[in-house]
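Throw the hints in and build the complete structure from the sequences for me.
Top to bottom, those sequences are chains D and S.
For the first sequence, the residue numbers in the working numbering are 1 to 398.
For the second sequence, the residue numbers in the working numbering are 1 to 398.
Calculated from the structure, these hints are not laboratory results.
Cβ coordinates follow ideal geometry from the N, Cα and C atoms, glycine included.
Hints should not be assumed to be uniformly reliable.
[Unchecked claim] Straight-line Cα separation of at most 30 Å, DSSO-like style, residue types lysine-lysine; simulated pairs:
| hint | chain 1 | residue 1 | chain 2 | residue 2 |
| --- | --- | --- | --- | --- |
| 1 | D | Lys388 | D | Lys325 |
| 2 | D | Lys291 | D | Lys29 |
| 3 | S | Lys213 | S | Lys291 |
| 4 | S | Lys59 | S | Lys159 |
| 5 | D | Lys59 | S | Lys29 |
| 6 | S | Lys75 | S | Lys59 |
| 7 | D | Lys75 | D | Lys291 |
| 8 | S | Lys397 | S | Lys18 |
| 9 | S | Lys18 | S | Lys325 |
| 10 | D | Lys325 | D | Lys213 |
| 11 | D | Lys59 | S | Lys189 |
| 12 | S | Lys59 | D | Lys18 |
| 13 | D | Lys291 | D | Lys159 |
| 14 | D | Lys59 | S | Lys159 |
| 15 | D | Lys75 | S | Lys59 |
| 16 | D | Lys75 | S | Lys189 |
| 17 | S | Lys18 | S | Lys388 |
| 18 | S | Lys18 | D | Lys291 |
| 19 | D | Lys29 | S | Lys159 |
| 20 | D | Lys397 | D | Lys325 |
| 21 | S | Lys397 | S | Lys325 |
| 22 | S | Lys75 | S | Lys159 |
| 23 | S | Lys291 | S | Lys325 |
| 24 | S | Lys189 | S | Lys213 |
| 25 | D | Lys59 | S | Lys291 |
| 26 | S | Lys213 | S | Lys75 |
| 27 | D | Lys189 | D | Lys213 |
| 28 | D | Lys189 | D | Lys291 |
| 29 | S | Lys29 | S | Lys75 |
| 30 | S | Lys189 | S | Lys291 |
| 31 | D | Lys18 | S | Lys75 |
| 32 | S | Lys75 | D | Lys59 |
| 33 | D | Lys388 | D | Lys18 |
[To be verified] If you want the footprint, here are the derived chain D segments under chain S, 3+ residues with CB under 8 Å:
| hint | region |
| --- | --- |
| 34 | 29 to 43 |
| 35 | 90 to 102 |
[As the list claims (entries may be wrong)] Facing chain D, from chain S, some residues (calculated, C-beta under 8 Å):
| hint | residue |
| --- | --- |
| 36 | Arg7 |
| 37 | Gly8 |
| 38 | Met11 |
| 39 | Pro12 |
| 40 | Cys109 |
2 protein chains.
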Amino acid sequence: MLSISHRGQIMPSSPIRKLVPFAEAARRKGTRVFHLNIGQPDIETPRLMLDAVRHSDFKVLEYSHSAGNESYRRKLVEYYASVGIEIAHTDIIITTGGSEAILFGFMSCLDAGDEVIIPEPFYANYNGFAVAADITVVPVTSYIDSGFALPRMRDIEAKISARTKAVMICNPNNPTGYLYSREELETLKEIALKHNLYIFADEAYREFSYSGKHFSAMQLRDVDSNVVLMDTISKRYSACGARIGAFISRNRNLVDTAMKFAQARLSPPSFGQIAGEAALDLPADYFDATKMEYTSRRDLLVNRLNGMPGVICPNPGGAFYAMAKLPIEDCDHFCQWLLESFSYNNQTVMLAPGSGFYGTPGLGRQEVRIAYVLNTASLNVAMDCLEKALLEYPFRKE
Amino acid sequence: MLSISHRGQIMPSSPIRKLVPFAEAARRKGTRVFHLNIGQPDIETPRLMLDAVRHSDFKVLEYSHSAGNESYRRKLVEYYASVGIEIAHTDIIITTGGSEAILFGFMSCLDAGDEVIIPEPFYANYNGFAVAADITVVPVTSYIDSGFALPRMRDIEAKISARTKAVMICNPNNPTGYLYSREELETLKEIALKHNLYIFADEAYREFSYSGKHFSAMQLRDVDSNVVLMDTISKRYSACGARIGAFISRNRNLVDTAMKFAQARLSPPSFGQIAGEAALDLPADYFDATKMEYTSRRDLLVNRLNGMPGVICPNPGGAFYAMAKLPIEDCDHFCQWLLESFSYNNQTVMLAPGSGFYGTPGLGRQEVRIAYVLNTASLNVAMDCLEKALLEYPFRKE
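In structure tokens form, the structure reads like this:
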């Protein structure tokens, strides 16, 4: 009998996508489903980016440089400078989405069996990349009561073993929306220097910081060798389908190593790079309108949620997600029930079960992740549905 | 001291790209360099494909389905049927280049330390994907004297260990251009069934088969669970920058497993998929002109090479590569010397050292891979250069 690899067997299915068949069944019954379960923004991709691709004028769709087009990397240096990150274009490898940047980081810094500490709840696909790279994610719990702030230094240090090679944060955070403070970043630096660890910083949502200015791990001083920035244009410009990200570090040896993985896969997508480079010509105030839109969505969402009896939702400082605690026992059951057995005015809502974002078994079962990727009118109706649903749900727990 | 992972350290640099600095230096001296070292075709990408992207009309550049757009996969079924491969669209996962299809195969079928047997010389990047997946490539030597035909069954079986999970071929072959016969594929089937192994078939160059019809591993009967097709549109349509490939198998369990790796990285590039889908509207005779062009290049190249004293070049049956044996001792030195110390009428030629395509140390040192990706006029001049160079080379060996 032909065998599937062990890693193939333990590779997790997407916890967000596993409810899709239930959503499809609901739609077939004629129920409108509000999709708050996935981070696909509804914001239009800047016309400038799409036009750059549409007006492209070449005859051969060639491989690009394995590190991405030099013109793009040079222009990115200016973008990063504008957000306070000083780097050279040789510190950048353009990747196929942020996903590949994470994989390059895991593979270049960790060997099979090595460990990366990540505050939980965390982006579920980190588990997938960890299985692909044969490394272990060691979760350190952050709590809804403190708004999902960085765990205390001693709690993080308690997770460090001889196999620990890195600490990773997503800032602002997916799924919690938490925006880490400069002080929290300084704590990470202290840990990294003391224990000789890499800091992996996934800053996909950098531009969506509402409560104060974003402080990047790349802005930490005297820790250049340790910091790796994993970036993407997917959310920044609502360009998820471009599959363009970046692996960035001032550690030359590390970039040279990641470059070998980049060479093996030849090059990142050419069209996406054209779109990404064009984005750098957007006006300086481009993000203002988007941020204002997300802020009003967030305010509406958080107000509505906290107005529901038994629901707690910390105010997220960034990204476009909120983790809410509901008066339920089993979020997986509840999210499926929403699609299978509930509707209100022929409408229902699709949420991501919180449990899928925790590494520690049993945690997050009362929580859901809500992506505010719909306009305020739709969000409001979706919250009407959720409110009714929580009153109707037969397994409600006070 | 922060450490680079072991796999990062052993990850090979591209043997093809390591001569690039010498080529750049040659150009700076004013020498024209004919690039026969890399598989970037000069054929124009079909206008139809680029126009489909340029005329695209959407407002949000969204993630696609993790397996790729369903419309694209359904149309691909027709393409494969047209070349004698019967599959369903659910057997297909669209990947980011053929590279990702190979990585998904390695990760889904092999665990760390497992082995895949590959006839050498082989595509050098297989080594890179093997390091990324933490598996071992076990080479079984094919020989220039037999035109790089599949090694005998007993030679392949001699390489099988308890850790062997798969046998892999590239057909037509990169770097040798060898087109495997139906009989050779049947031998692979016999081995796979007898020893319970996967057959990985990289058929990137399927459409460039000159000496007879291409027989795909997917056309083998009663071995459905074992066969994995790793495909790409990069060479087929001269669309390397699209980064679109495919992982294809009739083994449901295996496709479901690869799909989990596909979900983790979200989706393949959206623009590239548009181009790939458009390619399926090309007229049935589209490949005729390209094949005719490659055939005349091949004929010229092989004639010129075999006309040089001491040079042997088997006639490649497909792809756009030839492996030639030269009257030299050390191809790495010779290829560097061509760029550093030689010119003829202010021109020289860049070749890929054969040693980089062998897994067994010491093999291939008299060989070079020549990609016939330039038109016949340029190829002719490049061959003039090579002929002169072989006469001038101070370390020529008779």
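We went through each hint and held it up to the structure:
1. D:Lys388 with D:Lys325: Measuring from Cα to Cα gives roughly 16 Å; hence the hint holds.
2. D:Lys291 with D:Lys29: At roughly 36 Å apart (the allowed maximum being 30 Å), D:Lys29 and D:Lys291 break the hint.
3. S:Lys213 with S:Lys291: 12 Å, holds
4. S:Lys59 with S:Lys159: It is violated: about 54 Å lies between the C-alpha atoms, which goes past 30 Å.
5. D:Lys59 with S:Lys29: 29 Å, holds
6. S:Lys75 with S:Lys59: 24 Å, holds
7. D:Lys75 with D:Lys291: Distance ~23 Å between D:Lys75 and D:Lys291 Cα, so the pair holds.
8. S:Lys397 with S:Lys18: Status holds; Cα separation ~25 Å.
9. S:Lys18 with S:Lys325: 21 Å, holds
10. D:Lys325 with D:Lys213: The hint holds at about 27 Å.
11. D:Lys59 with S:Lys189: Since the Cα atoms of D:Lys59 and S:Lys189 sit roughly 41 Å apart, the hinted pair is violated (cutoff 30 Å).
12. S:Lys59 with D:Lys18: Within the cut-off at roughly 27 Å; holds.
13. D:Lys291 with D:Lys159: 36 Å, violated
14. D:Lys59 with S:Lys159: 45 Å, violated
15. D:Lys75 with S:Lys59: Since the Cα atoms of D:Lys75 and S:Lys59 sit roughly 25 Å apart, the hinted pair holds (cutoff 30 Å).
16. D:Lys75 with S:Lys189: Cα-Cα ~51 Å, so violated.
17. S:Lys18 with S:Lys388: 24 Å, holds
18. S:Lys18 with D:Lys291: 45 Å, violated
19. D:Lys29 with S:Lys159: 57 Å, violated
20. D:Lys397 with D:Lys325: Answer holds: D:Lys397 to D:Lys325 is near 12 Å, not above 30 Å.
21. S:Lys397 with S:Lys325: 12 Å, holds
22. S:Lys75 with S:Lys159: 39 Å, violated
23. S:Lys291 with S:Lys325: 25 Å, holds
24. S:Lys189 with S:Lys213: 19 Å, holds
25. D:Lys59 with S:Lys291: Given pair D:Lys59, S:Lys291 holds - Cα atoms ~19 Å apart, limit 30 Å.
26. S:Lys213 with S:Lys75: Holds, at about 23 Å.
27. D:Lys189 with D:Lys213: Holds: D:Lys189 and D:Lys213 sit about 19 Å apart, inside 30 Å.
28. D:Lys189 with D:Lys291: 29 Å, holds
29. S:Lys29 with S:Lys75: With a Cα-Cα distance of about 50 Å, the restraint between S:Lys29 and S:Lys75 is violated, given a limit of 30 Å.
30. S:Lys189 with S:Lys291: 29 Å, holds
31. D:Lys18 with S:Lys75: Between D:Lys18 and S:Lys75 the Cα gap is close to 26 Å, so the pair holds against 30 Å.
32. S:Lys75 with D:Lys59: 25 Å, holds
33. D:Lys388 with D:Lys18: OK: D:Lys388 and D:Lys18 at ~24 Å, within 30 Å.
34. 29 to 43: With 4 residues close enough to chain S, the hint holds.
35. 90 to 102: Coverage by chain S holds here, the residue count being 4 at a Cβ distance below 8 Å.
36. Arg7: Holds, about 6 Å.
37. Gly8: 4 Å, holds
38. Met11: 4 Å, holds
39. Pro12: Given a least distance of 7 Å, the restraint on S:Pro12 holds.
40. Cys109: 6 Å, holds
Against the hints set out earlier in the document, violations occur for numbers 2, 4, 11, 13, 14, 16, 18, 19, 22 and 29.
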